[in-house]
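K.L.:
One-letter residues, chain by chain:
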Amino acid sequence: MASIQLQDVTKRYPDGFEAVKHMDLDIADGEFVILVGPSGCGKSTALRMIAGLEDITDGELKIGEQVVNDRAPKDRDIAMVFQNYALYPHMTVRDNMGFALKLAHVDKDEIQKRVEEAARVLDLTQHLDRKPANLSGGQRQRVAMGRAIVRDPQAFLMDEPLSNLDAKLRVQMRAEVSRLQDRLGTTTVYVTHDQTEAMTLGDRVAVMRAGVLQQVDTPQVLYDDPTNIFVAGFIGSPAMNFMPAQVESGTVKLPMAEVRAPDGLGAAAGSGEGLIAGIRPEHFEDPSLVSADKKHHGVTFRTRIELVESMGSELYAHFSLEHGGVQSEELAELAQDAGTADVPGGGGGDVVARLDPASNVHQGEETELWIDTGRIHFFDASTGGRIRTGRGTGAGVSGAPA
Amino acid sequence: MGQSATPRQKVAWLIAIALVVLYALIPIAWMISLSLKKASTIGTDTGFFPKEATLQNYSDLFKSGSDFTHALINSFGIAAIATVISIALAAMAAYALARLDFTGKALILSGALAIAMFPAISIVGSLFNIWRNIGLFDTWPGLIIPYMTFALPLGIYTLSAFYREIPWELEQAAQVDGATPFQAFTKVILPLAAPGTFTAAILVFIFAWNDFLFANTLTSTTASRTVPATLAFFTGASQFDQPVAAIAAAAVIVTIPIIIVVLLFQRRIVAGLTAGAVKG
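Going down the list, the protein sequences come from chains A and B.
Okay, so the first sequence: first residue is -8 according to our numbering, each after it adds one.
Okay, so the second sequence: first residue is 25 according to our numbering, each after it adds one.
Hints in this document: simulated from the structure, not taken from any laboratory.
No residue lacks a Cβ here, since even glycine has one placed at the ideal position from N, Cα and C.
One thing to keep in mind: the hints can contain errors.
[Said to hold, decoys possible] Not the full set, but computed from the structure, chain A residues with beta-carbon under 10 Å of chain B:
| id | residue |
| --- | --- |
| 1 | Ala63 |
| 2 | Lys65 |
| 3 | Asp68 |
| 4 | Phe73 |
| 5 | Ala77 |
| 6 | Pro80 |
| 7 | Ala91 |
| 8 | Arg138 |
| 9 | Arg142 |
Just chain A, same shape as in the assembly (with noise of 0.2 Å):
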């Protein structure tokens, strides 16, 4: 096992294309780190550069504090799980799973043992001599980390590996890898487009936009202080709701409501072209289900509910917002890549509500609904960045990382 370290790394394909941009990250031995972002940012890139696939252009990278940058991948003592799982299709399970031990010239009641003791723990014994072709989807991607696991290597590389599952067994297996990772204590690196995995299965989830890296956090910090736009509407689901705002006197004008300007937003703001607020749609409530003494850190507006679904523990109200959007890069590519941009209605003004199951709302009705204004983010329409107000959004996240 050992610490990974990418020092100002950059991928420049011939043609002058940066896949990765002078990435910076550090992942602690034993660290599971996620790294997350739309197709295309480059995570795979940067993934397969710590594996020798890529070659690295510019910068530096070490694997237990020595320099790997012109070791080849069967020199780095690195295992890597595919997104199609690359079985060996002509080898046993067993087989497959020896393979590196036997290049390596493990002895082999050696490998018997590692082999059998992997398939214990991955619960594939009774399949170890089958063909890959005759097993299902679950048990190839076992496989294929029952591969990674024998070697004991000193990190796990895993490129996308649920995402050929479907969407029961993906959860299941999520939460098998999160519980495997844990057991072993081997650094993980684990490249995913989906949030949903990011959040849930690493230590800290690396979040990259076209080739930089955006934030590197706890999924916990990531959620409740995002530093830029992106991070916001990326993180969580259903996404963050963007709306322009204006400053005015000490007050922020809101398309549905106008509420008290955090300290310090007022100065940042007069320097911008524009403000972006983002709610988070947990932030949304019923007025008659807030307690009283909550209720005078919001304020509460009227407006019509197009939609409501339900889903069992909680509501999503859906209504629109008379303004034009808001135009920004950041949320454009996330639009692109949600598939959200060429849906109508998709972008502009629709905001999503997640309410209490208990709570007053029809679809087609008017109802009032209220704001927790102090969990309101601001970001700088023309860069995107967080704008960072005298109020706290989360708990205690001051001197977050950039």
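Assemble the complex: chain A is given as a structure, and chain B must be docked to it using the hints.
P.N.:
Just chain B now, kept in the frame of chain A:
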């Protein structure tokens, strides 16, 4: 025939198939019939079925010290060696062409194709002279080299189509698992491409086995003359005898290995010929 074919359609299909099969097989049947007739009665016994069947022609072929036995050994040896060497080279070349990006790749591919298209007759004359000057005339290598040259493009094209269908990730997985690129090739790619390698080998072997042009031009004695060339030099028992029956018997014998190979591996050959065309 689709599932919805009516009985009438089925009958029509059967008749059509029967006609095609007859058209293709009658010459072979005729050849077998000829080979069973007595050499002396060929001119008089003109029926499809021999009046008097005999295996005399076959046993004459294998009389001790006959040219034909030598020719069979030459044919097998030369075709086998040419096949092994060209497949070994083609496997590596095809792997490089399928996986690597290097300058001149397009040139190599089109060069290989050009060689495959090159009319052999146009180089036979000069080869004859060169081979005589450098001492390759009438030797095994003298035939193996041109066969390899013409078989390589075939092998490279067939094999690279196979390699292209093997996912990249498999080699990357092997490399991460600790394999050198050569180990990844031999332990992962080659076993997976075995059907393709086999197909290419069969096609190359058949090409070498069937060749007449080079075998006839570049050989002069039993030291290296292969079966197709030897057939052309058959003579009858006396100078007034036509060697028709003997040639027919020899033709049957050289056809047999090919028929066996093709029947055994027809699925693979078809798969190999269409590889890359249809995703399998």
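K.L.:
Indicate, hint by hint, whether the structure satisfies it.
P.N.:
To see whether the hints hold, each was checked on the structure:
1. Ala63: 7 Å, holds
2. Lys65: With Cβ-Cβ at 4 Å, under 10 Å, it holds.
3. Asp68: 8 Å, holds
4. Phe73: 5 Å, holds
5. Ala77: The hint holds - Ala77 (chain A) has a Cβ within 10 Å of chain B, the shortest such distance being about 4 Å.
6. Pro80: 6 Å, holds
7. Ala91: 4 Å, holds
8. Arg138: 7 Å, holds
9. Arg142: 8 Å, holds
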